[in-house]
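Top to bottom, those sequences are chains V, B, H and E.
Using the numbering used here, the letters of the first sequence map in sequence onto residues 3 to 433.
Using the numbering used here, the letters of the second sequence map in sequence onto residues 3 to 433.
Using the numbering used here, the letters of the third sequence map in sequence onto residues 3 to 433.
Using the numbering used here, the letters of the fourth sequence map in sequence onto residues 3 to 433.
No lab work stands behind these hints, which were simulated from the structure alone.
Positions of the beta carbon are idealized from the N, C-alpha and C atoms, including for glycine.
Do not take every clue at face value.
Claimed, not checked - Residues of chain B placed beyond 10 Å of chain H at every Cβ, according to the derived structure:
#: 1; residue: Ser191
#: 2; residue: Tyr390
#: 3; residue: His403
What the hints assert, rightly or not - Below, simulated BS3-like cross-link-like pairs (lysine-lysine); rule was C-alpha separation at most 25 Å, straight line:
#: 4; chain 1: E; residue 1: Lys375; chain 2: V; residue 2: Lys332
#: 5; chain 1: V; residue 1: Lys19; chain 2: B; residue 2: Lys397
#: 6; chain 1: V; residue 1: Lys397; chain 2: B; residue 2: Lys108
#: 7; chain 1: E; residue 1: Lys426; chain 2: E; residue 2: Lys407
#: 8; chain 1: H; residue 1: Lys155; chain 2: E; residue 2: Lys426
#: 9; chain 1: H; residue 1: Lys332; chain 2: B; residue 2: Lys260
#: 10; chain 1: H; residue 1: Lys155; chain 2: E; residue 2: Lys155
#: 11; chain 1: E; residue 1: Lys187; chain 2: H; residue 2: Lys426
#: 12; chain 1: E; residue 1: Lys425; chain 2: H; residue 2: Lys187
#: 13; chain 1: E; residue 1: Lys153; chain 2: H; residue 2: Lys153
#: 14; chain 1: V; residue 1: Lys393; chain 2: B; residue 2: Lys19
#: 15; chain 1: H; residue 1: Lys260; chain 2: B; residue 2: Lys407
#: 16; chain 1: E; residue 1: Lys397; chain 2: H; residue 2: Lys19
#: 17; chain 1: E; residue 1: Lys332; chain 2: E; residue 2: Lys393
#: 18; chain 1: B; residue 1: Lys332; chain 2: H; residue 2: Lys153
#: 19; chain 1: B; residue 1: Lys425; chain 2: V; residue 2: Lys187
#: 20; chain 1: V; residue 1: Lys375; chain 2: V; residue 2: Lys116
#: 21; chain 1: B; residue 1: Lys4; chain 2: B; residue 2: Lys187
#: 22; chain 1: B; residue 1: Lys397; chain 2: V; residue 2: Lys155
#: 23; chain 1: H; residue 1: Lys187; chain 2: H; residue 2: Lys8
#: 24; chain 1: E; residue 1: Lys332; chain 2: V; residue 2: Lys375
#: 25; chain 1: E; residue 1: Lys64; chain 2: H; residue 2: Lys426
#: 26; chain 1: B; residue 1: Lys397; chain 2: B; residue 2: Lys105
#: 27; chain 1: H; residue 1: Lys375; chain 2: B; residue 2: Lys260
#: 28; chain 1: B; residue 1: Lys426; chain 2: V; residue 2: Lys153
#: 29; chain 1: V; residue 1: Lys187; chain 2: B; residue 2: Lys116
#: 30; chain 1: V; residue 1: Lys425; chain 2: B; residue 2: Lys393
#: 31; chain 1: B; residue 1: Lys19; chain 2: B; residue 2: Lys260
#: 32; chain 1: H; residue 1: Lys19; chain 2: H; residue 2: Lys64
#: 33; chain 1: V; residue 1: Lys19; chain 2: B; residue 2: Lys393
#: 34; chain 1: H; residue 1: Lys108; chain 2: H; residue 2: Lys153
#: 35; chain 1: V; residue 1: Lys397; chain 2: V; residue 2: Lys155
#: 36; chain 1: B; residue 1: Lys116; chain 2: B; residue 2: Lys393
#: 37; chain 1: E; residue 1: Lys116; chain 2: E; residue 2: Lys4
#: 38; chain 1: V; residue 1: Lys375; chain 2: V; residue 2: Lys392
#: 39; chain 1: V; residue 1: Lys260; chain 2: E; residue 2: Lys407
#: 40; chain 1: E; residue 1: Lys4; chain 2: E; residue 2: Lys41
Protein chains: 4
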Amino acid sequence: MKYKAKVEKALVETLAKRGICSPSIANEIAVAADSITAKEVAEEERRVIHDIRALVNVIQRKVSDQAKPYVHLTATSYDIVDTANALRYKQAVESVIIPDMMKLEKIWIELARKDRDTIQIGRTHGQFAVPMTFGFALAQYVNRWGNRILKLKESSQRLVGKLSGAVGAYNSSALFISDPEEFEKQLLSSLGLEPALISTQIVPPEPTTDLIHSVISAWGVLANFSRDMRNLQRSEIGEVGEAFTEERVGSSTMPHKKNPESFENVESLWKEFVPRMTTKYLDQVSEHQRDLTNSASQRYDAEFLMTFDFCVRRMSKVSEKLIVDRTSLKRNLDLALPSVVAEPLYLLLALAGHPDAHEYVRRLTLESSRTGKSVVDLALSDQSLQPYLKKLSAKQLEVVHDPSKYVGLAPSKVDQVLAHWEKKFKEESLW
Amino acid sequence: MKYKAKVEKALVETLAKRGICSPSIANEIAVAADSITAKEVAEEERRVIHDIRALVNVIQRKVSDQAKPYVHLTATSYDIVDTANALRYKQAVESVIIPDMMKLEKIWIELARKDRDTIQIGRTHGQFAVPMTFGFALAQYVNRWGNRILKLKESSQRLVGKLSGAVGAYNSSALFISDPEEFEKQLLSSLGLEPALISTQIVPPEPTTDLIHSVISAWGVLANFSRDMRNLQRSEIGEVGEAFTEERVGSSTMPHKKNPESFENVESLWKEFVPRMTTKYLDQVSEHQRDLTNSASQRYDAEFLMTFDFCVRRMSKVSEKLIVDRTSLKRNLDLALPSVVAEPLYLLLALAGHPDAHEYVRRLTLESSRTGKSVVDLALSDQSLQPYLKKLSAKQLEVVHDPSKYVGLAPSKVDQVLAHWEKKFKEESLW
Amino acid sequence: MKYKAKVEKALVETLAKRGICSPSIANEIAVAADSITAKEVAEEERRVIHDIRALVNVIQRKVSDQAKPYVHLTATSYDIVDTANALRYKQAVESVIIPDMMKLEKIWIELARKDRDTIQIGRTHGQFAVPMTFGFALAQYVNRWGNRILKLKESSQRLVGKLSGAVGAYNSSALFISDPEEFEKQLLSSLGLEPALISTQIVPPEPTTDLIHSVISAWGVLANFSRDMRNLQRSEIGEVGEAFTEERVGSSTMPHKKNPESFENVESLWKEFVPRMTTKYLDQVSEHQRDLTNSASQRYDAEFLMTFDFCVRRMSKVSEKLIVDRTSLKRNLDLALPSVVAEPLYLLLALAGHPDAHEYVRRLTLESSRTGKSVVDLALSDQSLQPYLKKLSAKQLEVVHDPSKYVGLAPSKVDQVLAHWEKKFKEESLW
Amino acid sequence: MKYKAKVEKALVETLAKRGICSPSIANEIAVAADSITAKEVAEEERRVIHDIRALVNVIQRKVSDQAKPYVHLTATSYDIVDTANALRYKQAVESVIIPDMMKLEKIWIELARKDRDTIQIGRTHGQFAVPMTFGFALAQYVNRWGNRILKLKESSQRLVGKLSGAVGAYNSSALFISDPEEFEKQLLSSLGLEPALISTQIVPPEPTTDLIHSVISAWGVLANFSRDMRNLQRSEIGEVGEAFTEERVGSSTMPHKKNPESFENVESLWKEFVPRMTTKYLDQVSEHQRDLTNSASQRYDAEFLMTFDFCVRRMSKVSEKLIVDRTSLKRNLDLALPSVVAEPLYLLLALAGHPDAHEYVRRLTLESSRTGKSVVDLALSDQSLQPYLKKLSAKQLEVVHDPSKYVGLAPSKVDQVLAHWEKKFKEESLW
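With the sequences and hints as input, model every part of the structure.
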């Protein structure tokens, strides 16, 4: 309601700039607009059953008879509502959400930097794959999150307002003002907004649709991070943990439990809000110059933004204190190494000229699980392989003998990703 | 499958550029890749139950023993799959979908231009509001559609590929190549793509999520247009119609029916695909360096693009032959005019100093519906109003006497919107 | 929180029945449970960060040291949470929602009865089809709504509770009680509930999934009714209207507007909640003996039920005062009749032996729209038709000459539907 | 198309039973209806652009001139479409899907029986909780799946057909038949269906909505099972595995990989189809006596049923050969036992009169993780505990000393659940 009153205030101030009303009348209305409370508007709304009419009535009651006609002059309800929404969503994103997202980004950057070189076994399908570093795994999130921060910023900047009247053709403002489009631009620019190129009773829905898409697709990054951390926190894996205070209770009956509650909570809220995007798409349809079937539903947009921000903050809190258990990381890596040599071995044999390397090594792993012998030992003791092994370079052989060296470019990729985003954020004045 | 083979071909050609294999081996494999058929790969897949291994096997069978090891060298399955998807979706958007969207845009531009001045009663809540022009109503779609064309173009250009191996750390390519990231860039650039800044086994999901969002939010514009046209085609309204050939049957039992089937069809398909966006969001979550729970679901992306394109084409076809019934437009306008004077009357009275103009006019309309007298007549015959009416300018009075003049800037806004988009499309080389 | 305390109370009372604690201890705890406030539990929760532990602590503080160990004894948190949810949703449905639904059903029954014989032109695809009665159109809603009332009742009765402990195997209760399943049954039956046949830490999710499905599919009936009424209220159609008080404002700038706001509001809220069903399906997945990713999301179930009930009440309010404009019904019917004769004409000709009746009549309607002559007149003046027309019975000819008679069984179907549901509701003790 | 022809055939046979046409004409049309092919109807549809008119034309071409008028007589397109859909979905469910579901149910029953006593550590939040048996975990699925089988059966039996004409008021059939409702019942009963109590041009949507809800909520059970199995198959957990043939390839570059692909596939398809339920809810809204915006979308219902059935079969195949690794089950249990004693210890102390047992034990587990000593050892060596421990029964003390005994009623619950469902399925003639 405060934001709607701000728009009414900006409207009358623009009228005064144009000489349509006097500066003192504009001032009188501006003071009244600043002083309204949600409560008194709600009371009036119960009487007239129309929210903007109620706001206008409340302001009018606070001003002189001469000022009354200039309240809301030329505006239709949704000139006020849509402009106020653009204003508050833009401010929420710029002043609250993006700063919160940047805080999390910086925490993740520090985590990635810290474990740049900590070897972790990579996992695909929940199965051991080949090694990389934990910092490399985290750098994925630094990158995806950074990308979403810019996306959200961009979509918030594309939000537009309007002052084009009941069907968008400036019917009423054209009665009094010679250049209604210029007038609209002047009013909106005083609020830091631009007008829609063309509007009906409402602004085109797509800018808001894009905004909520930016939010929900950013939320997906949090959900993925949460899922990963929950799994890495499993009792059998134990590579990370949520820090617990001594006071905190994990379970009402199992006093030993330490659950990944923050991660579960964020994933749960994400599941609650993801499908609501469908409503935003359905709300793109508004009949003719508009019907009201998007009115109640779009009131939930604010809840969308707030709950997302809650999740960002919760994720910062838990990430900040994330416990990384390097002993477990090493234990799991050691478990994996005997079999992960399969990939480099197959590739090196193939390139050394082995005619059927992938199949040969696949059968070796089956033999390994039957016999308990390691794939490397089986390979090295196979005479038929010697001609191929001889062709390998020292560095290549090293990987076969110690697959924990098989981490590719993981550490340097961390540096590269971090440098990229620090530079980018500085360009965007976000760092 | 053809696109996947293209990536395998580009891979071996890049290996040759680096001197890792000979040009003649690269050529041998390239020829084989060009010649594969989906059928033979499918057959091999039934045996090995792995789609990319099947493709590799089929290519290998077609080449010499010396060439075999260089097929798929250093690549993991999803290096091929994700790159092939980026390639084909980008080409589908650029070569098929955007040209189809531009065709529709031009048809709508012509429709808007043609009825720039045809007065139509604006409707909000399905109720008569104030007048505008039919071209103005159409210009809304020109604008929203133009905006979505650029959005889709932008998101298709942001699709990325990868050649970073099983967990994204270039583990395998680093065994053979000194600068695997440069190698990846070289390969992808030969396909007109850029690499992801960092990837796991798969590229970050967000670029595809954004692409499908662009599609589904564009579809919403078609759905809104369809809803509007269906309603304007109602028997009681009759302002537009789908052209029917003499052959076409409207109903199996009601030979007189002419149904808005194309519009209904597009709206129905939109309803089918809108909720599927939720799947794209769910697919943002892939555990650790990836799990396979997004594999089957993302195979539906192609269906998404194709069905959208079908709708764009159907909409072009029906828009091209849209029948605009100017007699009905006039009839409905005449029905509306007696009451729509309410808005300008209230505003002019308010500004002329009437202390309670909105309430006064609202009660006048209630009286009008009780007595059958027009609002204008009631107002003009009310002595107490005369002091205010005297203050009005000639142009303002004209609107009160002939509310069909009350169309604001509708016609000139059409020109402005059309000019804006023609300029924009030219800048983007789309016109 | 009150419902959770109720379950804790029932638990200790069942312990006392079994002689595990004394009646006076049970009484002490019961009194404490009745007296807790949400506020004090919330304060304790801020300390221990666990909602049920907080509740238990608050109750324990209010009882003697001897009583303390019996609070929550053998229960895990979700024994309390799931049982409390089953209890409150069942009571909400039985005591509030179904009575509200029945109220609306009765209003619709009265509306259908009142306009049992009022002829209305049927509409398919928004086009005039063949006549029926307005009561017949309403009887569709009586039937669909009645069906959903029974569905909701049935699914609320299938909600289950549990007292099977941390993983559902009665691990803890089996330490003290010889027949823990019998104990669970006894406790739940004191609350009017049955236990799940088997549970993990939580009850099987499907009963709640079914409950919310019942709600959302009932909401769809309201949405369809709303859509119909909004369209029938269009300015050009005008067959129904929402009653307006003299005080109520339709638009902030257009004092003449009377918008179908209640119908728009219900349709908008329906759009907001429909996609949330997806969350319920996603919440069916809980890892192993449960994870917490359905915890935050299922807290929205109560909002779901409440907002639905709000819509039911709003629909009753507007239906109760629905204005049916019989003049408009007649006007639209008269507009339609000249062409709707096509269906009976085609059928009668076909049966009279005309070899190509559908095609013949379809071409007649094209000629009719070209020439302005009515289909009947064209047919009657066509010599080639006479042999077929002669074969028709008097009753059949009457329909050709006066197609407003062509209403089939519409009125008697109304009686049948109303009688069916009155009987059904009586059997279910809902009438 | 075959099912639609079946309905046309049943229609003319019912006409003959009523003496409206001769048996030989009915026979002629029946033969023609049996012989149509989808191809010839599709060709005709391209000409008339109306699917049912095309079917009627094709049948008519195959019969004598006398028979022609009796094809499709009194029916509107959706009498045929909706009845054919009810028929084929009912048959698909009864003849294919439920038998497939029962096959899976029996496999799961056998699995649960086999591991009735195999102790598994229960897991909540992915953390070790308290022990149960693997058969107990599986019995949850036996129960939830059994419940969904009955739900699906019930909803398929509630599907209805119609023969009530263009707006549902029997307008056309009442022209020829004295008791059109009886006629409708007779026709439908020959197909094993019942009529809707009242219909518009289409049957009420709710029965199909319920059917698809039954399917999707059953799918959720498969998804949950898949998620569990994927997690139990993690390299670090390894309690279960998908059986691999020697031929099958797990990864194109990592020859050692054995991925839970079937489980991943089922979860992925579930994610694809879950959100489509939203479309079914949206399709409940059809304007007035129907619009066509549910036509294209409801054509996907068949894909829904087929893909679900594919998943059921795939789940049977993988469940049948599920590898249960009892060594891993034991290893994980042993890892868990030292800390899981916390729950029984706390409960027994509490009941023995310890004033703050939960808090005491929670701190013990913190000490345990600091010192590496087991919770039991810490407890037994604490002098202050002795008075409470003395009060425990022999059976209770046994659990403290050997927490692997702490499985509650897990094994007997398996028997109970299996017996319940075998009995139930026999009552329903499904066993």
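So, going through the hints one by one against the coordinates:
1. Ser191: Ser191 (chain B) is indeed farther than 10 Å from all Cβ atoms of chain H, at 40 Å.
2. Tyr390: Non-interface label stands for Tyr390 (chain B): nearest chain H Cβ at 15 Å, farther than 10 Å.
3. His403: It holds; His403 (chain B) is separated from chain H by about 17 Å at its closest Cβ, greater than 10 Å.
4. E:Lys375 <-> V:Lys332: holds (23 Å)
5. V:Lys19 <-> B:Lys397: holds (23 Å)
6. V:Lys397 <-> B:Lys108: violated (62 Å)
7. E:Lys426 <-> E:Lys407: This hinted pair is violated, its Cα atoms lying about 32 Å apart.
8. H:Lys155 <-> E:Lys426: holds (23 Å)
9. H:Lys332 <-> B:Lys260: With a Cα-Cα distance of about 22 Å, the restraint between Lys332 (chain H) and Lys260 (chain B) holds, given a limit of 25 Å.
10. H:Lys155 <-> E:Lys155: holds (20 Å)
11. E:Lys187 <-> H:Lys426: holds (20 Å)
12. E:Lys425 <-> H:Lys187: holds (21 Å)
13. E:Lys153 <-> H:Lys153: holds (12 Å)
14. V:Lys393 <-> B:Lys19: With Cα atoms ~22 Å apart, Lys393 (chain V) and Lys19 (chain B) stay inside 25 Å; holds.
15. H:Lys260 <-> B:Lys407: Given that 25 Å is the threshold and the Cα spacing comes to 23 Å, the pair holds.
16. E:Lys397 <-> H:Lys19: holds (23 Å)
17. E:Lys332 <-> E:Lys393: violated (32 Å)
18. B:Lys332 <-> H:Lys153: Not OK: Lys332 (chain B) and Lys153 (chain H) at ~49 Å, beyond 25 Å, violated.
19. B:Lys425 <-> V:Lys187: Between Lys425 (chain B) and Lys187 (chain V) the Cα gap is close to 21 Å, so the pair holds against 25 Å.
20. V:Lys375 <-> V:Lys116: violated (36 Å)
21. B:Lys4 <-> B:Lys187: With Cα atoms ~21 Å apart, Lys4 (chain B) and Lys187 (chain B) stay inside 25 Å; holds.
22. B:Lys397 <-> V:Lys155: Roughly 45 Å between the alpha carbons, so the hint for Lys397 (chain B) and Lys155 (chain V) is violated.
23. H:Lys187 <-> H:Lys8: Between Lys187 (chain H) and Lys8 (chain H) the Cα gap is close to 16 Å, so the pair holds against 25 Å.
24. E:Lys332 <-> V:Lys375: Roughly 23 Å separates the two Cα atoms, so the pair holds.
25. E:Lys64 <-> H:Lys426: violated (47 Å)
26. B:Lys397 <-> B:Lys105: violated (41 Å)
27. H:Lys375 <-> B:Lys260: OK: Lys375 (chain H) and Lys260 (chain B) at ~18 Å, within 25 Å.
28. B:Lys426 <-> V:Lys153: Roughly 22 Å between the alpha carbons, so the hint for Lys426 (chain B) and Lys153 (chain V) holds.
29. V:Lys187 <-> B:Lys116: Judged against 25 Å, a Cα distance of about 28 Å means the pair is violated.
30. V:Lys425 <-> B:Lys393: violated (63 Å)
31. B:Lys19 <-> B:Lys260: violated (63 Å)
32. H:Lys19 <-> H:Lys64: Distance of about 22 Å is within 25 Å: holds.
33. V:Lys19 <-> B:Lys393: Holds - the C-alpha atoms of Lys393 (chain B) and Lys19 (chain V) are around 22 Å apart, at most 25 Å.
34. H:Lys108 <-> H:Lys153: Answer holds: Lys108 (chain H) to Lys153 (chain H) is near 17 Å, not above 25 Å.
35. V:Lys397 <-> V:Lys155: violated (46 Å)
36. B:Lys116 <-> B:Lys393: Cα-Cα ~38 Å, so violated.
37. E:Lys116 <-> E:Lys4: violated (45 Å)
38. V:Lys375 <-> V:Lys392: holds (22 Å)
39. V:Lys260 <-> E:Lys407: holds (23 Å)
40. E:Lys4 <-> E:Lys41: The given pair, whose Cα atoms are some 11 Å apart, holds under the 25 Å limit.
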